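Going line by line, the protein sequences match chains A and B. Per my numbering, the very first residue in the first sequence carries number 5; after that it's consecutive. Per my numbering, the very first residue in the second sequence carries number 32; after that it's consecutive.
There may be inaccurate statements among the hints.
Unchecked claim - These stretches of chain B come out as covered by chain A in the derived footprint (C-beta under 8 angstroms, 3 or more residues):
#, stretch
1, 44-54
2, 141-149
3, 181-189
4, 408-418
To be verified - Computed list of lysine-lysine pairs in DSS-like fashion (alpha-carbon distance at most 25 angstroms, straight line):
#, chain 1, residue 1, chain 2, residue 2
5, A, K146, A, K50
6, B, K231, B, K246
7, A, K146, A, K9
8, B, K339, A, K146
9, B, K320, A, K146
10, A, K6, A, K146
11, B, K255, A, K146
12, B, K384, A, K146
13, A, K70, A, K100
14, A, K60, B, K59
15, B, K353, B, K320
16, B, K306, B, K255
17, B, K339, B, K231
18, A, K50, A, K60
19, A, K60, B, K306
20, B, K205, B, K231
21, B, K384, A, K100
22, B, K231, B, K254
23, B, K306, B, K320
24, B, K320, B, K205
25, A, K146, B, K425
26, B, K196, A, K60
27, A, K60, B, K320
28, B, K353, B, K339
29, B, K222, B, K196
30, B, K108, B, K205
31, A, K129, B, K306
32, A, K6, A, K50
33, B, K196, B, K320
34, B, K108, B, K384
35, B, K246, B, K279
36, B, K254, B, K306
37, B, K254, B, K353
No lab work stands behind these hints: they were computed from the structure. Please read these numbers as outputs of a predicted model, since none were measured by experiment. Glycine is no exception: its CB is placed at the ideal position from the N, C-alpha and C atoms.
Chain by chain, the residues:
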Amino acid sequence: MKIIKDKQIIEDNWTHIADDAELTNGNITVSLSRWNHEDLNNHQGKVGIRLLPADKVEDITDELNKIPLIVLEFPIFTDGRSFSHARLLRSRFNYKGEIRAIGSYMPDQVFYLSRVGVNAFQLEKPEELAVALSTMNDFTVKYQQSTN
Amino acid sequence: MYQYNDNDQTLINERVTQFRGQTERYLKGELGEDEFRALRLMNGLYIQTHAPMLRVAGPYGLLSSRQLRMIAHVSRKYDKGYAHITTRQNIQFNWPELKNVPDILEDLASVQMHAIQTSGNCLRNTTTDHLAGVCTDEIEDPRPYCEIIRQWTILHPEFAYLPRKFKIAVSGSKQDRAATQLHDIGLHLIKNDAGEIGFKVLVGGGLGRTPVIGKVIRPFLEKKHLLSYLEAIVRVYNLNGRRDNKYKARIKILVRESGIENMTEWVEAEWQQIKQDMEVSDARYSEMKNHFAPHPYETNANQDSSFKTHLAQDKNFVTWVKHNVIDHKIPGYRAVFVSLKAPAIAPGDITEKQLDDVAEMADQYSFGEIRTTHRQNLVLADVKQANLFSLWQKLSALSLATPNIGTATDMICCPGLDFCALANASSINIAKEINEALDDIDYLHDIGDLKINMSGCMNGCAHQSVGHIGILGVDKKGVEWYQLTLGGSSENDAALGQRLGPAVAKDQITKAITTILEVYIKHRNEQEIFLDTVNRVGITPFKQAVY
Ligand code: SF4
Numbered sequence: 005m006k007i008i009k010d011k012q013i014i015e016d017n018w019t020h021i022a023d024d025a026e027l028t029n030g031n032i033t034v035s036l037s038r039w040n041h042e043d044l045n046n047h048q049g050k051v052g053i054r055l056l057p058a059d060k061v062e063d064i065t066d067e068l069n070k071i072p073l074i075v076l077e078f079p080i081f082t083d084g085r086s087f088s089h090a091r092l093l094r095s096r097f098n099y100k101g102e103i104r105a106i107g108s109y110m111p112d113q114v115f116y117l118s119r120v121g122v123n124a125f126q127l128e129k130p131e132e133l134a135v136a137l138s139t140m141n142d143f144t145v146k147y148q149q150s151t152n
Numbered sequence: 032m033y034q035y036n037d038n039d040q041t042l043i044n045e046r047v048t049q050f051r052g053q054t055e056r057y058l059k060g061e062l063g064e065d066e067f068r069a070l071r072l073m074n075g076l077y078i079q080t081h082a083p084m085l086r087v088a089g090p091y092g093l094l095s096s097r098q099l100r101m102i103a104h105v106s107r108k109y110d111k112g113y114a115h116i117t118t119r120q121n122i123q124f125n126w127p128e129l130k131n132v133p134d135i136l137e138d139l140a141s142v143q144m145h146a147i148q149t150s151g152n153c154l155r156n157t158t159t160d161h162l163a164g165v166c167t168d169e170i171e172d173p174r175p176y177c178e179i180i181r182q183w184t185i186l187h188p189e190f191a192y193l194p195r196k197f198k199i200a201v202s203g204s205k206q207d208r209a210a211t212q213l214h215d216i217g218l219h220l221i222k223n224d225a226g227e228i229g230f231k232v233l234v235g236g237g238l239g240r241t242p243v244i245g246k247v248i249r250p251f252l253e254k255k256h257l258l259s260y261l262e263a264i265v266r267v268y269n270l271n272g273r274r275d276n277k278y279k280a281r282i283k284i285l286v287r288e289s290g291i292e293n294m295t296e297w298v299e300a301e302w303q304q305i306k307q308d309m310e311v312s313d314a315r316y317s318e319m320k321n322h323f324a325p326h327p328y329e330t331n332a333n334q335d336s337s338f339k340t341h342l343a344q345d346k347n348f349v350t351w352v353k354h355n356v357i358d359h360k361i362p363g364y365r366a367v368f369v370s371l372k373a374p375a376i377a378p379g380d381i382t383e384k385q386l387d388d389v390a391e392m393a394d395q396y397s398f399g400e401i402r403t404t405h406r407q408n409l410v411l412a413d414v415k416q417a418n419l420f421s422l423w424q425k426l427s428a429l430s431l432a433t434p435n436i437g438t439a440t441d442m443i444c445c446p447g448l449d450f451c452a453l454a455n456a457s458s459i460n461i462a463k464e465i466n467e468a469l470d471d472i473d474y475l476h477d478i479g480d481l482k483i484n485m486s487g488c489m490n491g492c493a494h495q496s497v498g499h500i501g502i503l504g505v506d507k508k509g510v511e512w513y514q515l516t517l518g519g520s521s522e523n524d525a526a527l528g529q530r531l532g533p534a535v536a537k538d539q540i541t542k543a544i545t546t547i548l549e550v551y552i553k554h555r556n557e558q559e560i561f562l563d564t565v566n567r568v569g570i571t572p573f574k575q576a577v578y
């Protein structure tokens, strides 16, 4: 499937594994609880982690250098906690890997999300990728310091 | 006042372009109802009972004559020839068409105005004292801080989807005219024992369904930490505020449920992590202060003798000066209230002609600036005493000189059933009815200081819970009723009004108000204002008379 990563539309091969699904081979992400409770060391492929708005980023900061991808999952676009999560991961905990937004959010939120440090976007409606990409140029001016 | 630089202008131009695109996508069906709702609210656009309503920001209530003329222009071209001043110093248009809103925003942007974050669950327009910079009890002018806060809030990428709306007010004087104890964050400029000026920070105040008086979270904050402290509070709120119930989502509920001690601990811990990186430099403050430097006042303005002569000759002028004019820190100058509470006018409404004419008067008499007040009037803040008489004559000719500031007919009132989709009851008509009942100006002045606030529903947009008399519209099986409270205040002695008794019927409400006033007159000590009498005698005598 296609996603935006670092301002490019690219083909992506990560699989987001639901809590009640079997692990598949290749690059996968799992929820925080699965990450905490399951032994994933023998998995063939990379393992990323998915955070929900109610999760605490502090719970994964010890292992950040092992995590290639952190997915911020939006159950609903109005829940703004993930914006703070991204900001903290980048600014406070210096996370350098990929932060990706998935779920129910609008292309119109991509600008703010990229400002707080999200660098990859998987949309529910892939036909909106172009709009989402263009919104990153909505503003050339900013008042606040943030991740970028 | 603050003048935009190229960056500021670019930002609001880009915002207009962005919103134009969003509106087009919505009208083409590419953007869903809920999604567009969130986006349009963050541009001040509501869809109301009859038409959209557009709320334009009046940053901390300060407008230029050029901006006022643009408001007149917008109301002529896109609306029904009038605008409305809100209780948060903003300007509302009640009848724009959705498809025209991008054009309206473009027109507004041409005079450095916008509607960014005047609604929605985000950081809202910061408000302050309408007498900032001119009042006699000021510690420091709050407006440079307000502008710095404005810039920090505008398009803040992390805090655009908060649990609920978030309002900040700043007061720079001894008397709190900005209701800072009733905001999500209240900032008080104060001087500490060492003589340094900083902020007392309050958190968790608010009106609406659950009115709460804010609590002190930091007794003294050094100025350089202003933005880091705000950021710490809002981050703690964004991460921990309730999102399961919109009526429990304001920061006041978080403060109540977690306790101010825990809240303080979280905020302070967060702040320690960011304070170094977010300092506001002295250079930035002094640059900002230059924007609000005192006007070139005449040093001999108090030498004028014509003012005295006019006072001696015209009783009506005396009355107006007594009620609508107040002292200024510069001798020979006064601040003048432009009353938007003429009888039979919806409180806070102003026509396009009045707007244009007030802009003219501002240019002629008050350095081209106008302020909006949270009691829905305007202020010309820098008028020479020699000009007061001619200004009064001009204002009188426009019905803008009703000498009722601070009295019973200077009511604040939300749009109610006439415009608001959420209303239980009408408010504007009731305001007019009460106004008519109190049309004897001598009686009105005899009653003296009295703040009546009336809201059409629990959301409390007109701050009824802090009115000396609060009136709240409630719905009982489809019929309009009104709940009365007495003894509220939004000033230094902030307090929430006490409920008088069961709601009264629509045809009884004006009678109830006049009865309450009679009880006051009977019980008051000499010179005692309504609020003090209520506090002294309690609500029982009022209750007995009304029910
Ligand atoms: S108080 Fe209620 S009726 Fe009045 S404007 Fe607010 S939401 Fe509407």
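Hints, one by one, checked against the model:
Residues of the stretch 44-54 of chain B with a Cβ under 8 angstroms from some Cβ of chain A number 5, which satisfies the need for three, so the listed coverage holds. For the stretch 141-149 of chain B, the stated coverage by chain A is violated: 0 residues have a C-beta nearer than 8 angstroms to a C-beta of that chain, whereas at least 3 were required. Check result for the stretch 181-189 of chain B against chain A: holds, 7 residues qualifying (beta carbon to beta carbon below 8 angstroms, three or more required). Residue count for the stretch 408-418 of chain B with a Cβ under 8 angstroms from a Cβ of chain A: 0. That is fewer than the three needed, and the coverage hint is violated.
Distance check on the hinted pair: K146/A and K50/A sit about 36 angstroms apart at the alpha-carbon level, beyond 25 angstroms; violated. Taking the CA atoms of K231/B and K246/B, the gap is near 10 angstroms; set against the 25 angstroms cutoff, the hint holds. For the suggested pair K146/A and K9/A, the alpha carbons sit about 22 angstroms apart, so the restraint of at most 25 angstroms is met. Proximity of K339/B to K146/A is assessed by CA-CA distance (about 52 angstroms); at most 25 angstroms being required, the pair is judged violated.
As the CA atoms of K320/B and K146/A are separated by approximately 21 angstroms, the hinted pair is consistent with the 25 angstroms bound. Annotation: proposed proximity of K6/A to K146/A is violated, straight-line Cα distance about 29 angstroms (limit 25 angstroms). Proximity of K255/B to K146/A is assessed by CA-CA distance (about 20 angstroms); at most 25 angstroms being required, the pair is judged to hold. A hinted pair counts as satisfied when its Cα atoms are at most 25 angstroms apart, and K384/B with K146/A does not qualify at roughly 37 angstroms.
Our distance criterion of 25 angstroms between C-alpha atoms is met by K70/A and K100/A, whose separation comes to about 11 angstroms. Distance hint between K60/A and K59/B is unfulfilled; the C-alpha atoms sit about 39 angstroms from each other, more than 25 angstroms. Restraint check for K353/B and K320/B: the C-alpha separation of about 32 angstroms exceeds 25 angstroms, so the hint is violated. Of the pairs offered as hints, the one joining K306/B and K255/B holds, with about 9 angstroms between alpha carbons and a cut-off of 25 angstroms not exceeded.
In summary, the hint linking K339/B to K231/B is not supported, as the alpha carbons are separated by about 41 angstroms, beyond the 25 angstroms threshold. Proximity of K50/A to K60/A is assessed by CA-CA distance (about 22 angstroms); at most 25 angstroms being required, the pair is judged to hold. Restraint check for K60/A and K306/B: satisfied, since their Cα atoms lie roughly 22 angstroms apart, inside the 25 angstroms limit. A threshold of 25 angstroms between alpha carbons decides the hint, and for K205/B with K231/B the separation of about 12 angstroms falls inside it, so the pair holds.
Only pairs whose Cα atoms come within 25 angstroms are accepted, and K384/B paired with K100/A is rejected, the gap being roughly 59 angstroms. Proximity of K231/B to K254/B is assessed by CA-CA distance (about 10 angstroms); at most 25 angstroms being required, the pair is judged to hold. For the suggested pair K306/B and K320/B, the alpha carbons sit about 22 angstroms apart, so the restraint of at most 25 angstroms is met. Taking the CA atoms of K320/B and K205/B, the gap is near 20 angstroms; set against the 25 angstroms cutoff, the hint holds.
A hinted pair counts as satisfied when its Cα atoms are at most 25 angstroms apart, and K146/A with K425/B does not qualify at roughly 43 angstroms. For the suggested pair K196/B and K60/A, the alpha carbons sit about 23 angstroms apart, so the restraint of at most 25 angstroms is met. At most 25 angstroms may separate the alpha-carbon atoms for a hinted pair to count; K60/A and K320/B exceed this at roughly 41 angstroms. Only pairs whose Cα atoms come within 25 angstroms are accepted, and K353/B paired with K339/B is accepted, the gap being roughly 13 angstroms.
Between K222/B and K196/B the alpha-carbon distance is near 30 angstroms, which puts this suggested pair outside the 25 angstroms criterion. Restraint check for K108/B and K205/B: not satisfied, since their Cα atoms lie roughly 42 angstroms apart, outside the 25 angstroms limit. Distance hint between K129/A and K306/B is unfulfilled; the C-alpha atoms sit about 40 angstroms from each other, more than 25 angstroms. The straight-line distance between the Cα atoms of K6/A and K50/A is roughly 19 angstroms, inside the 25 angstroms bound, and the hint therefore holds.
Annotation: proposed proximity of K196/B to K320/B is violated, straight-line Cα distance about 29 angstroms (limit 25 angstroms). At roughly 13 angstroms between alpha-carbon atoms, K108/B and K384/B fall within 25 angstroms of each other, so this suggested pair holds. Pair hint K246/B plus K279/B holds up; C-alpha atoms about 18 angstroms apart against a cutoff of 25 angstroms. For the suggested pair K254/B and K306/B, the alpha carbons sit about 12 angstroms apart, so the restraint of at most 25 angstroms is met.
The suggested pairing of K254/B with K353/B is violated, with an alpha-carbon distance near 37 angstroms, which exceeds 25 angstroms.
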